[in-house]
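Residue numbers (our numbering), protein chains in the order written: chain A, 234 to 632; chain B, 234 to 632; chain C, 234 to 632; chain D, 234 to 632.
Just so you know, not all the hints are guaranteed correct.
Restricting the straight-line Cα-Cα distance to at most 27 Å, the calculated cross-link-like pairs of lysine-lysine (BS3-like) are [what the hints assert, rightly or not]:
1. C/Lys248 x B/Lys629
2. D/Lys560 x D/Lys630
3. C/Lys560 x C/Lys416
4. A/Lys630 x D/Lys248
5. D/Lys630 x A/Lys248
6. C/Lys416 x D/Lys560
7. D/Lys521 x C/Lys625
8. A/Lys625 x A/Lys521
9. A/Lys521 x A/Lys629
10. C/Lys560 x C/Lys629
11. D/Lys630 x B/Lys521
12. A/Lys416 x A/Lys560
13. D/Lys629 x C/Lys521
14. A/Lys521 x B/Lys521
15. B/Lys629 x A/Lys416
16. C/Lys625 x B/Lys521
Non-contacting residues of chain A with respect to chain C, defined by C-beta distances greater than 12 Å in every case (computed) [said to hold, decoys possible]:
17. Pro468
18. Ala528
19. Arg530
Source of the hints: derived by calculation from the structure; they are not laboratory data. None of the values given here were measured: they were computed from a predicted structure. We put the CB at the ideal spot given by N, CA and C, even for glycine.
One letter stands for each residue in the lines below.
There are 4 protein chains.
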Amino acid sequence: MVVEQPERTRALMPKLMAFMADHVYPSEALYAEQLARARWQVPAVMEDLKQKARAAGLWNLFLADDESGAGLTNLEYAPLAEVMGRSAIAPEVFNCSAPDVGNMEVLFHFGSPEQKRQWLTPLLDGRIRSAFCMTEPDVASSDATNVRTRIVRDGDHYVINGRKWWITNAGHPRCDILIVMGKTNPDAPRHQQQSQILVPRGTSGVKLVRTLPLFGFDDAPHGHGEFVFENVRVPASNLIAGEGRGFEIAQSRLGPGRIHHCMRLIGSAERALEAMVVRARSRVAFGKPLAEQGALRELIARSRIEIEQARLLVLKTAYLMDQVGSKAARAEIAMIKVAVPMMAQAVLDRAMQVHGAGGFTDDFGLSYAWAWARALRMADGPDAVHLEAVAKLELKKNG
Amino acid sequence: MVVEQPERTRALMPKLMAFMADHVYPSEALYAEQLARARWQVPAVMEDLKQKARAAGLWNLFLADDESGAGLTNLEYAPLAEVMGRSAIAPEVFNCSAPDVGNMEVLFHFGSPEQKRQWLTPLLDGRIRSAFCMTEPDVASSDATNVRTRIVRDGDHYVINGRKWWITNAGHPRCDILIVMGKTNPDAPRHQQQSQILVPRGTSGVKLVRTLPLFGFDDAPHGHGEFVFENVRVPASNLIAGEGRGFEIAQSRLGPGRIHHCMRLIGSAERALEAMVVRARSRVAFGKPLAEQGALRELIARSRIEIEQARLLVLKTAYLMDQVGSKAARAEIAMIKVAVPMMAQAVLDRAMQVHGAGGFTDDFGLSYAWAWARALRMADGPDAVHLEAVAKLELKKNG
Amino acid sequence: MVVEQPERTRALMPKLMAFMADHVYPSEALYAEQLARARWQVPAVMEDLKQKARAAGLWNLFLADDESGAGLTNLEYAPLAEVMGRSAIAPEVFNCSAPDVGNMEVLFHFGSPEQKRQWLTPLLDGRIRSAFCMTEPDVASSDATNVRTRIVRDGDHYVINGRKWWITNAGHPRCDILIVMGKTNPDAPRHQQQSQILVPRGTSGVKLVRTLPLFGFDDAPHGHGEFVFENVRVPASNLIAGEGRGFEIAQSRLGPGRIHHCMRLIGSAERALEAMVVRARSRVAFGKPLAEQGALRELIARSRIEIEQARLLVLKTAYLMDQVGSKAARAEIAMIKVAVPMMAQAVLDRAMQVHGAGGFTDDFGLSYAWAWARALRMADGPDAVHLEAVAKLELKKNG
Amino acid sequence: MVVEQPERTRALMPKLMAFMADHVYPSEALYAEQLARARWQVPAVMEDLKQKARAAGLWNLFLADDESGAGLTNLEYAPLAEVMGRSAIAPEVFNCSAPDVGNMEVLFHFGSPEQKRQWLTPLLDGRIRSAFCMTEPDVASSDATNVRTRIVRDGDHYVINGRKWWITNAGHPRCDILIVMGKTNPDAPRHQQQSQILVPRGTSGVKLVRTLPLFGFDDAPHGHGEFVFENVRVPASNLIAGEGRGFEIAQSRLGPGRIHHCMRLIGSAERALEAMVVRARSRVAFGKPLAEQGALRELIARSRIEIEQARLLVLKTAYLMDQVGSKAARAEIAMIKVAVPMMAQAVLDRAMQVHGAGGFTDDFGLSYAWAWARALRMADGPDAVHLEAVAKLELKKNG
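Isolated chain A, as found in the complex (with noise of 0.2 Å):
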């Protein structure tokens, strides 16, 4: 075990931690107050820090391939993907923010060339944004075998019928794409009876019923939503990799989705943590300073120490999935999608707490994350899910 960071990781680190020191810190408030004036429009700022941030040679980290991405592998990405969890706005920035992240990986390992040419060119550019249509209201999505939406062959084309929820950049004025789960076999063995096919967000059928709140928060610009898709027809050239793979496609964006959110994670818990320092240094309650009261300093201590031990399983996973694959690994995704959000929330918890009412407004950003933190408890499949997983495999040990 050797807890230095890989040489890339260590060569790209100063120059991130200065572009978010320079320009994504100073600009939150910006982002917030353009937002606050249109809702749903993408805030000017953002579009110039993604340039800036092109310019700098930080863009599309995330993709392992070297020609189109930085070609980092998870351990490499995992200390940069953590930095930029530390800002809500930093992922769009860099252009590794979810869902994108995951279908451009998506398109990158299953698109054909025209699929790539018109979708994953303009993702890749930052022009345009997508969105991954999966959960549905009426089932219980973490068991992927249960999707209802039907992806149906007419002749030259795809007919989709269905209705999906929680599907994040509903609301982004250029959330362009949408890739949507559908089953095209009902008939076919469990697990080859999905198809996941390319829909233009502007497709005829394609409503938009509401957009969701997480909590109270809209996440605008790009928001959560809730979609019918009502007779949506699309050319049968628009199915990714063939009928029958959309398990295996989203099998294959599980893994890298849950650790990215979980590496974030640990950027947010850490940025929370300095914040709860720097207010018990400076307010003071009873005649003394927060930071000398016992209780508090007991929190500061344990935050310090659940993140560590939470960041060492993170980079654990990434070094396991790049040496033996998300399946080999299994076991470790599911234990850091447990074990990150619940230790965010208590961290972030803790932190709202040390400031005092202004915690659960929007002036720390801390009741966001901590909103963000909470719901990652639930995306990407609950708690009790992946608890069954690791004690399915604890079981079948030794057995």
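Given chain A's structure and the hints, the job is docking chains B, C and D onto it.
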């Protein structure tokens, strides 16, 4: 110890529960709809419900005065307040919502006849609403002696300067009167420096700087605001009770205010548990109803155990307040202020998780109820302050 | 709800508290010393204390019969049992210790006149002690239908074969009588297969295989034993109540048995909190008394809050048992069986920590009290079984 | 970060694991039996195992010296120590048990040639055992400057007076040498007042007042003792390193001592989890194997997650100690000292519960392992002290 509800509670309870079932729960969706159309207007359904409640004799139940209110003790009121706490819109329906309840009590006990005529009567009638301006952004307001707002005598008037935040009702279109806490005599003994004064909302110099979200919720139509008071001039007769009595008045409202919040949180948690049970029975995942999954069953059981214990402590506290007063019951008030929000938060968190992604939206009311429970670990004093109060008393025992 | 103690409790309480202060607490060290000299003999001080307690009218308070006992209800007895629970040696002093209390109640309610004469009378006199042989090492005994011990009729006798463990009092020199649970009718309906039978300790074939330590504690002089019954032959008249009534008899003792344990644990936790406070006031570390360290103060406050809530739930349960019986109060009994040991364990853990390394020795009685609280998360049914019982009832509500 | 074990660890590991499987686990019961027959004698099986271990080249692996020990770094030793931690008897088998390890390291680094010859050589040979006398009953010994024992020069001798407790190995028949910490120069600067001195066990004036149980465990044959030193006179040459260096020597052993405990606790928790899994698969309750009960499955999963995180933090700490030394790694050492015992305690508690009443006996070794984990939340400094150390460092960051 007798567990049965007091006689007067039992007389009112069936009426209240029927009213909730017939009128309040069925109106929640409509209230949200009307509010969505006009964010800072009072939804028509609320006025309608208030009239019905008053007609049904379910009005001002909080007020321990036989004539102006229902004349109930805390112990008698507690189970009724719990039922009101089951719906976010209910307390206002019955004219029992914070901070108006506290303001009415202050006016009832400390107001001059003229102050009562002008402000208490319309408040008791539910015609206007009110705010209590105590917390300040720049100081740890859990220590009331920190208050910086100045109230300075100038001939027949007082002139007020200061900044206040987390002022509930700030956005309400009928919030006509503010009770403002400030210092009249900074050189007096520590607890005689403060006074409270009535400031009509429209007085020149009263400026609403912004409304403050709670985990993204704007809490319309009442909201929470940040006010600046710039040379606000009101007649000297607006002072409540007399110079230097501000701390005393504040103390008098805090005990009842805290226990009312706790009573309602019990109801909030109880409804969440019921929702959890309903969901567990109806939702299927991985081939069996959630209700058959052992880990979830344990959470249901733990929630029941935690609610029962918290409710009993609230009832004991209510009883003590009735028998020996808020001051003698201050340990118990501090205890419930810590125990009940934490319990409610835990139960609501589990209820959200069982509801999947929907738990974080407005669909089930759970995320808002959670945010409110979370806020109450800070409002009226953070946990740390109440734990300290309990510890101090404990450490004095058997000395 | 009335918090005051019932009249008969208030009449006895000062006497009991004075007895504890004058006789019990001051004898704890002597009891330990005498025991250290003769591990499995009854320390002389115990017999002395018993005589004093009986003379003081503090004897058999548990028995709800006016003639043989004090005639107290559960609600009246609860606060007294709590006080007895403050000292590990106190329950026996007042002839109120488990499992004798349960055995006496069984004999009182189900015993024949001859059985009462022979065994109940000396037990009520405190002349002998008794054991209850139910748990078996080879099956999950929390499910009483699993019992494997056989009780077979043979002419005028019954012949018993089986293995039992965790038989409290097994090592006591005056433990003269065992009540053994086994199956007389394995083909009867599920809850009519079992019977209970009286087996004098000295009967041929009764073999104490070993005594079982509890976290290293031998619990002398009573101890916990593993028995083998090999062709143990007793007169048929030793059967209690009749064949097939074993399950019914067991059920009748479980409710009271569980609540008695909980009552005493409240006292155990309460004494630990007091010890924590005393220690915190007197011990200095890093230049200031522990009592001034914020984190510890919070633990003191949390302990107080947890004890208060647990006590109230025990009192409510006692009240319900008195009013509607153990069966109708089974949810509450299950709740306290989970909540109280967990609370006591937590409070005792904190108390130990405050006492430094001494907390783990016999010097303060804390480690033994902790071990006992821990054991009670298993004895009379593990937490999981009681949580399941609560969940099942909850899931049936509003069905 | 590389997860793989270092080369030298991989070379030794199969040998160590085979030795555990072939010799150690199968001897645990015999060891207990021999001990039961002669409580304070060394069980013959231990001497036999030690010879075998030495013959197998599994001896003194802890010592980072190539000649006297195995020359392993902390990172190399950690996984091996973890495996030793799986059995309560294993560390001594490999001559790697506390406090001898620490004493050997002190003598190795600070001892004179004569001190080494006389005491280090027989310790490295496993012929004798040793004790470290630091903790005192009357002061908070977590603050080493509190020590009250006096070591006074008198001609060619030192005279020692004081009281020490929790002296591990106090009862061991071959515990021939004590290292005693005391003050030689009470007027020197705070950290130069203390010295350490070698006191042969049989010196006149060394009095074992009592052995101290840990919960109810006597921890024979080594035990924990309370010593009084009354005018104990030893040659001046017995002083280690020089007057005033006691604090420095203590510091040098604390880091390694703490991480060794943590390494072993990981193994203890790992074995408990395995036992839990085995039990869950084999035990049936209410008609189905425990392994199919969801709540238990979650506990298995959570245990796995907690162990993984704790182990990684221990490994990182070991690595840092190797690279930058104990002082620079003091935050990490403090972190594992808090995190690992707490984790082990939680895992062991669950394992006990799954084992029913048997979990509290000696049958599965779980209750003893738990007690030991609990003790380690106090030994070498209570949690509070380590949390404070972490907090202090955190609050200094970004200052």
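Hint check:
Proposed proximity of C/Lys248 and B/Lys629 is supported: the alpha carbons are some 25 Å apart, at most 27 Å. Pair hint D/Lys560 plus D/Lys630 holds up; C-alpha atoms about 17 Å apart against a cutoff of 27 Å. For the proposed pair C/Lys560 and C/Lys416, the alpha carbon gap of about 24 Å is at most 27 Å, so the pair holds. For the given pair, A/Lys630 sits about 22 Å from D/Lys248 by alpha-carbon distance, which is consistent with the 27 Å threshold.
At most 27 Å may separate the alpha-carbon atoms for a hinted pair to count; D/Lys630 and A/Lys248 meet this at roughly 22 Å. In summary, the hint linking C/Lys416 to D/Lys560 is not supported, as the alpha carbons are separated by about 66 Å, beyond the 27 Å threshold. Between D/Lys521 and C/Lys625, the direct Cα distance comes to roughly 17 Å. Compliance with the 27 Å bound is thereby established for this hinted pair. Of the pairs offered as hints, the one joining A/Lys625 and A/Lys521 is violated, with about 51 Å between alpha carbons and a cut-off of 27 Å exceeded.
In summary, the hint linking A/Lys521 to A/Lys629 is not supported, as the alpha carbons are separated by about 54 Å, beyond the 27 Å threshold. At most 27 Å may separate the alpha-carbon atoms for a hinted pair to count; C/Lys560 and C/Lys629 meet this at roughly 16 Å. Of the supplied pair hints, the one linking D/Lys630 and B/Lys521 is violated, its CA atoms being roughly 51 Å apart against a limit of 27 Å. For the hint pairing A/Lys416 with A/Lys560, the CA-to-CA distance comes to about 23 Å; that is within 27 Å, so the pair holds.
A distance of roughly 22 Å separates the Cα atoms of D/Lys629 and C/Lys521; the hinted pair therefore holds under the 27 Å criterion. In summary, the hint linking A/Lys521 to B/Lys521 is not supported, as the alpha carbons are separated by about 55 Å, beyond the 27 Å threshold. For the given pair, B/Lys629 sits about 69 Å from A/Lys416 by alpha-carbon distance, which is inconsistent with the 27 Å threshold. Of the supplied pair hints, the one linking C/Lys625 and B/Lys521 holds, its CA atoms being roughly 16 Å apart against a limit of 27 Å.
No beta-carbon of chain C comes within 12 Å of the beta-carbon of A/Pro468; the shortest separation is about 50 Å. With a least beta-carbon separation of about 4 Å from chain C, A/Ala528 fails to lie farther than 12 Å from that chain, contradicting its non-interface assignment. Residue-level check failed: A/Arg530 sits 7 Å from the nearest beta carbon of chain C, not beyond 12 Å.
Of the hints listed earlier, those the structure fails to meet are numbers 6, 8, 9, 11, 14, 15, 18, 19, in rising order.
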